[in-house]
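Chemist: Line by line, the protein sequences give chains A and B.
Heads up, the final residue of the first sequence is numbered 178 in my numbering, and it's a clean run with no missing numbers.
Heads up, the final residue of the second sequence is numbered 545 in my numbering, and it's a clean run with no missing numbers.
Be aware that a few hints might be false.
Here are the simulated lysine to any residue pairs, SDA-like style, with alpha carbons at most 20 Å apart [to be verified]:
(1) B:455 - B:440
(2) A:101 - B:328
(3) A:101 - A:169
(4) B:231 - B:135
(5) A:101 - B:325
(6) A:114 - B:286
(7) B:71 - A:132
Hint data in this document are derived by calculation from the structure and do not stem from the laboratory.
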Amino acid sequence: MIRKTIKIVNKLGMHARPATMIVKAATKYRSEFKIVKSDMEINGKSIMGVMTLAAEFGSELELVADGVDEEFLIKEITEMFANKFGED
Amino acid sequence: MKKIKGNSVSAGIAIGKAKIIDKHELYIERKKILKREIEFELSRFKEDVEFVINELDKLIQDYTYSQENRDILESHKMILQDPEFNNRISKLISNDQNSLEQAINTYFTEAADIFSNMNNKYLSHRVIDFEDVAYRLLSHIMDERKDVLENVDENSILIMENISPSFVTKVFDKNIQGLCTERGSSNSHSSIIARSMNLPMLVNALGLLGNIKDGEDMIIDGNDGYVIISPTKKVLEKYQTIYKEEQKDRKGLLKLIDVEPITKDGKKIKLMSNIEIPQEIDQVLKYNSAGIGLFRTEFLFIDRDDLPTEEEQYEIYKDIAEQCKPNSVIIRTIDVGGDKLSNILNITYEENPNLGCRGIRISLQNIPIFKQQIKAILRANVQGNIKIMFPMISGVNELLKVKEIIEICSKELINTGIAFNADMELGAMIEIPSAVITSDSIVDECDFLSIGTNDLIQYTLAVDRDNQSISNYYKPTHPSVIRSIKLTVDNAHKVGKKVAVCGEMASEKEYVKLLLALGVDELSVSPGRLLLIKKEIINCNITEIKSKLDKILSCKTSKEVMKLI
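Start from the sequences, fold in the hints, and give me the full structure.
Modeler: Written out as structure tokens, the structure reads:
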């Protein structure tokens, strides 16, 4: 299992488009994927879950992946956050 | 008889029978199932979801619309493929013995609750996506897709909690009397369309759904903003009289569709339309408008959480220009206050937004966004009937900067080899007193002027017209406003250029004569008012009112002016 803390650096926060991107990417992998925000934990492969995080600019999230391809999953998702989901 | 207050977003009286369109519960009759039905219900779920996903796939591929619309459909598909959605529905069916319809309804009601409790309004707004998906799925399952509106007869007034974008066009294709929603706002797309169709519509009628039954007699008073349920005979008769008069007036106006807007003394006035969203083009064409005098582009930028691409804008501008041909379309670059864009632009809090970063100032501070819009317009103008105009011009400087940017955009387009046409008339909006005073210099740097009376009045008289306590200071015929219009027109005419009025003053029939006497060449009004204003033009004798112009211009108060016109 891998845990990784990341920060939301795109200005608009987790709106519909990034949420769609995350779920699309995560679904490609076999590992389980969860996102934790303070005391809330959601399924990272669920669009409903990711959108209900209502994560805004500056907030911290913990990515948790568990399974055979966990490192690849975490790597791809971390890069998406760092690249601000192609915004700017 | 019950009377409920609402906000009128489109005037007029509607009398008919209530037709409640409820996207969820109305069609769910069977709520619980038997244990032995669980298996069957689960297989239905799988098949129905697959069917709707296939349907969405087709739409995503066929869609000739924008990337944004495709993205929305893509996210709708994802909602249906969501593992949590799958789990929850399966559990509701297996454990709670919910029927499929009931399970779906429960799931989406829960989703709606979560979203409406969010603090971030841009995220909470996405509840509309979940409602759209729920509707699509339920209407497939119940095969009600066509029937929902097929059973609506002409005598109906539609009652809904809110009206979602995918429902709007379907509703307006039907010949109904009026529309009333429990939620909604005056600047929603449905309200705008209702206005341009002159269809009475009321929003924000709180408690409506709890107080009305399907088929009940009702009245929408779109003039005073009331819904009246089961009116007494006396009230009904009163409204029938008003309704008949309104219908008579409307019929009279419709006869003017093919009549030219020529005054009694033979001057032809160019009468155009203002549009806020592309869908209004149907009304523009129906009423035979001489093109579009103000195409607002704000709808592309507000109420969304990302920016429109150049491509998306290009498609929309091109489509409108094509439909308007051979008439011209004047596209106005984005004109909003920074507060409305704070979700997509980095805008700091402003103490005084009306005097802050808005209109052309936003564009000049966000050059990449401005350039996208300019390029989209230049590309759409390949057909040659587009003009461009800029809001909140305070002096020559902004125009010079804008021209520089257009130059740069043209060069960049040449380099990329994309087709465009920079042969396009440029206009400045005159709505700030400094622009009025220096309109002689401004008109030298552009091809036409367009007076935005709402802001001109607000800035000239220093009065916020939405501020109830001082609304008596908002006077369109204040001598300062009239003299400002006169000065602007004179300065433009000196160099042979034209002046239009696209503000609300042009849409109010009592001011038409005055504007024409002041020398205004063109009027642009909302599509729903076009025929009314045309009638006013036809009945106007400019020579006659011009003979009083000196007197009007020397009036000391707006009251004196009103007496003369």
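Chemist: Against each hint, give a clear statement of whether it holds in the structure.
Modeler: Evaluation of the provided hints:
| no. | hint | verdict |
| --- | --- | --- |
| 1 | B:455 - B:440 | 10 Å, holds |
| 2 | A:101 - B:328 | 13 Å, holds |
| 3 | A:101 - A:169 | 16 Å, holds |
| 4 | B:231 - B:135 | 18 Å, holds |
| 5 | A:101 - B:325 | 9 Å, holds |
| 6 | A:114 - B:286 | 19 Å, holds |
| 7 | B:71 - A:132 | 18 Å, holds |
Figure legend: structure checked against the earlier numbered hints; every hint is met.
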